[in-house]
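Participant: Here is what each chain is made of, one letter per residue.
2 protein chains.
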Amino acid sequence: MNTLVRSTALILMSLASISGADERWSTADVMAGLEASDWRQPDPANLLYMQLASGTVIMELAPAFAPQNILNIKTLAEERYFDDLAIIRSQDNYVVQWADPAEEEGTAKSLGSAKESVKAEFERSLDGIEIVTIESRDSYAEIVGFSNGFPAGSDGTKAWLAHCYGMVGVARDNETDSGNGTSLYVVTGHAPRHLDRNVTLVGRVISGIEHMTVLPRGAAEMGYYESLDEATPIVRIRLGVDVAPEDRVKIELMRTDTEAFSDYVMSRRYRHEEWFVEPTGRIEICNINPPIRVTE
Amino acid sequence: MNTLVRSTALILMSLASISGADERWSTADVMAGLEASDWRQPDPANLLYMQLASGTVIMELAPAFAPQNILNIKTLAEERYFDDLAIIRSQDNYVVQWADPAEEEGTAKSLGSAKESVKAEFERSLDGIEIVTIESRDSYAEIVGFSNGFPAGSDGTKAWLAHCYGMVGVARDNETDSGNGTSLYVVTGHAPRHLDRNVTLVGRVISGIEHMTVLPRGAAEMGYYESLDEATPIVRIRLGVDVAPEDRVKIELMRTDTEAFSDYVMSRRYRHEEWFVEPTGRIEICNINPPIRVTE
Chain A
0 MNTLVRSTAL ILMSLASISG ADERWSTADV MAGLEASDWR QPDPANLLYM
50 QLASGTVIME LAPAFAPQNI LNIKTLAEER YFDDLAIIRS QDNYVVQWAD
100 PAEEEGTAKS LGSAKESVKA EFERSLDGIE IVTIESRDSY AEIVGFSNGF
150 PAGSDGTKAW LAHCYGMVGV ARDNETDSGN GTSLYVVTGH APRHLDRNVT
200 LVGRVISGIE HMTVLPRGAA EMGYYESLDE ATPIVRIRLG VDVAPEDRVK
250 IELMRTDTEA FSDYVMSRRY RHEEWFVEPT GRIEICNINP PIRVTE
Chain B
0 MNTLVRSTAL ILMSLASISG ADERWSTADV MAGLEASDWR QPDPANLLYM
50 QLASGTVIME LAPAFAPQNI LNIKTLAEER YFDDLAIIRS QDNYVVQWAD
100 PAEEEGTAKS LGSAKESVKA EFERSLDGIE IVTIESRDSY AEIVGFSNGF
150 PAGSDGTKAW LAHCYGMVGV ARDNETDSGN GTSLYVVTGH APRHLDRNVT
200 LVGRVISGIE HMTVLPRGAA EMGYYESLDE ATPIVRIRLG VDVAPEDRVK
250 IELMRTDTEA FSDYVMSRRY RHEEWFVEPT GRIEICNINP PIRVTE
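First to last, the sequence lines map onto chains A and B.
Each step along the first sequence adds one to the number in numbering that gives the first Met the number 0, with nothing skipped, and position 243 is 242.
Each step along the second sequence adds one to the number in numbering that gives the first Met the number 0, with nothing skipped, and position 260 is 259.
Hints in this document: simulated from the structure, not taken from any laboratory.
Quantities reported herein were computed from a predicted structural model and do not represent experimental measurements.
Careful, some of the hints might be misleading.
Just so you know, same-sequence chains aren't split out, so a pair can sit in one copy or run between any two.
[Said to hold, decoys possible] List of simulated lysine to aspartate or glutamate pairs, EDC-like, C-alpha gap at most 20 Å:
no.	residue 1	residue 2
1	157	129
2	108	83
3	73	103
4	114	126
5	249	154
6	73	83
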């Protein structure tokens, strides 16, 4: 699609927002018509690079939703707390989780200047953030949409991040303020949305999740490994700003506050690829994965 | 929970069906109160045992929804068509798929007495099957529920199986009748419900899905492996009736047409475990995984 055709797509889009089914662009059409301004470069200050022996996992943090927890996680990363920790849990169709394996042996790593306890940030006021809403009959929230690329739910007053695939959260015990970011989990299965507003979500994996999802499942209860010998060592976790510029991945994420993203969602709602016979006309928030690309 | 307490639970349940939030049983409570009649043994004639080097994957077929496709799959299994085929695709957050790796090299295995082409069975009449409905604002279907343990959607006239985690489908080309069961896929990520009514679903993995979900992701387009060297050989696939009785797994599935299952769903809708602060009060069909147990 060239720029001219792209303009036509936008005109069609205005009509499509009424009738929907009249929109005939496939996802490939929409992607081919994207311009540089439809993409954003994530702020390296909000990226975590996790190095495993098998490769790099990159997470983008969402400070608008969990500022205090993320502050603590950044302190932990800056002070190299996570280095030599391990992925100690992989529960099929649910989560992987990492932590200090020595925590329960009384030889836990020092938290340095990070806090032992951080207040829960399960939800926040809708004031001060923008959620571009997605029309969907969501099973869990009255309102769903994307806020700066992150899937979110809302009741019209409060807003919270949604437990879609790849979302990163702060593990906690029964006390809501018992999490501090030393142990984080990543959703690796069907969206466990019942966790929404029960745990502090802090971001999403934007690259390399396959290094986590292929890990052997733990045989102990809840997918924990029976022995630490089975755990996957974390070589290190660094903030994006602390990664040497030449080692940073030139990653770009599709913006979720543009006409192009509306086109994209429409192309996922109505599937016009030749293969589809039932175009559905419906969409679910966790079934929308805003495109990500590496530019070099 | 003993039988007496169980009766009390059922009385509470009747009230709970009005108010919901008054139901205080946790999932563990419900499970502890189950009786033998709350479980079913799947018919071995409807089971497929897939043997991989890493272990056994067991699938239950749903002939009520795809009788012709399942008939062909049974013929293929009986005539040992699947033996020595391979898993040729693993796409993160989507599917694994197996097929005859030689298919595109002109040396494809003979289908024996199985059919080359089987009519699509994307949906069926609601008449003649029972769907125990689940109250849910589903993003894709007006009505959702379980039919003999399988997640299903309906518009009040037609019914179809839903693409939840672990569901097994018949791969096809653009022609709707181009599938024949020689190549099957399993959902290994967030439910791709936009595939509902676009592909024939034939069943669900009920044991050993972790042998599929940990497979390395394919680097070629759509998660196909770049080289067949990366593919995972299938030692064999056998119908449950063709597995020696002593090698059959004594697997039981929770029935989905009982009061106990209503209790179970209620315990997933309202989470009363101490950990939860937000009991949600909502549920989504693919976030309900009917319990499965091995009895010896």
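Participant: Please go over all the hints and tell whether each is borne out by the structure.
Facilitator: Hints and how they fare:
In this homomeric assembly, residue 157 and residue 129 come within 20 Å of each other (Cα to Cα) only inside a single copy, at 12 Å, whereas the closest approach across copies is 39 Å. In the homo-oligomer, the alpha carbons of residue 108 and residue 83 lie at most 20 Å apart inside one protomer (10 Å), although the nearest pairing across protomers, at 49 Å, exceeds that limit. Taking CA atoms no more than 20 Å apart as the test, residue 73 paired with residue 103 passes in neither setting, with 23 Å inside one copy and 51 Å between copies. Proximity of residue 114 and residue 126 under a CA criterion of 20 Å is satisfied in neither setting, with 27 Å inside one chain copy and 60 Å between copies.
In this assembly of identical chains, residue 249 and residue 154 lie within 20 Å of each other by CA distance neither inside one copy nor across copies; the values are 36 Å within and 46 Å between. Taking the shortest Cα distances, residue 73 and residue 83 sit within 20 Å of each other inside one copy (17 Å), while across copies they are farther apart (50 Å).
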